[in-house]
Amino acid sequence: MTDSPAGTHTAAEIAEQPAVFARLLAARAATSEVASVIARRRPRFALLAARGSSDHAALYAKYLIEVLLELPAGLVSPSTTTLYGARPDLSDVLLITVSQSGGSPDLVEVTERARAQGALTVAVTNTAESDLSGVAELAVDIQAGREVAVAATKTYSATLLALYLLVDAVRGGTGEEAAALPDLAAATLADSADPVAEAVRRWRFVDRVVTTGRGFSSATAAEAALKLAETSYLSARSYSGADLLHGPVAAVDEETAVLAVAGEGAGGRATSAVMEVVGSRGADVVAVGSAAHTLAASVHVGVPATAEEVAPIIEVLPVQRLALGLSVARGFDPDRPRGLNKVTKTR
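Using the numbering used here, you'd call the opening residue of the sequence shown number 668 and step up by one each time.
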């Protein structure tokens, strides 16, 4: 890897995503089998356990579960189990553990103990033979293939699609809203190249970035902040648009770069109102999404319109390209962020 130009593997893995989506859609039957078990068990609520990029995928799944299944859902704090030994009654609870590697000890332990406490446990991972898949009752393979770059790109978006197909199948859906995603992803990567390059040019020397979105797109905003921090070492913070107005907007000024994610739908309309306030603070705004054109911004990075619940699967693609471009422009290598490993093991 050290002999390759900076960002070679990240660029290749970003470009691979339309094919990954097509492969995952072709294997939808296996995901539907897992969904049928969940539907028969009729969980009373759902919990999601994850770390890092997978935690943002879990946030997306939380919206899917609450909106599409109308079940309450929450994000697990693994340390309540691993450090404090909590043993809640999880009878009739669905626990979905999201981990690209399936190898983090805390997530494996949380899943194993949740199953012992009565939960229906599902592992969503890119490593079918992982320890996580071994301790969970059910498993969904995101089928992204080996990812060489340390920063997750194709495994993140494949996880989103796998979670959508799982939740959609639980409600009896056929994955119809996701069927066009391979073509839409290819179009997004082709059409966003120029505006992303302009955003890189504008932001090459920024130090502070705030990312924001509402609803389903809040997961994309969170993932954007992580990607910018881990590949360009920027001070990047993500806020829901609603939370941004509850105080942090006071820190936004002419020295702040703001990435706003807005798709067509309720979340995008709510983000538009937030950006009216942010824009008045003088920040340099880059807007991404199918409703990007509705926001006052220096750069608009549009993506094709989709159903709102699947929009994060393609709106993250130009965000990944932005992180890649900024990292290389600033003299770094996004394939090998300093101090990071591909598999992070925590407890």
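Worth flagging that the hints you see were computed from the coordinates, not collected in a lab.
Honestly, I wouldn't trust all of these hints.
Unchecked claim - Cβ-Cβ distance ranges computed for the label pairs, FRET-style: (1) ASP759 / GLY946: 41 to 51 Å; (2) GLU796 / ASP759: 28 to 38 Å; (3) ALA689 / ARG869: 41 to 51 Å; (4) GLY914 / ARG869: 41 to 51 Å; (5) ALA686 / GLU844: 15 to 25 Å.
Positions of the beta carbon are idealized from the N, C-alpha and C atoms, including for glycine.
Hints versus structure:
A hinted range of 41 to 51 Å holds for the C-beta pair ASP759 and GLY946, which are about 47 Å apart. GLU796 and ASP759 have their C-beta atoms about 29 Å apart, which keeps the hinted 28 to 38 Å range intact. Checked against the hint of 41 to 51 Å, the pair ALA689 and ARG869 fails, with Cβ atoms roughly 34 Å apart. For the hinted restraint 41 to 51 Å between GLY914 and ARG869, the CB-CB distance of approximately 27 Å leaves it violated.
Between ALA686 and GLU844 the beta carbons are some 20 Å apart, a value that agrees with the proposed interval 15 to 25 Å.
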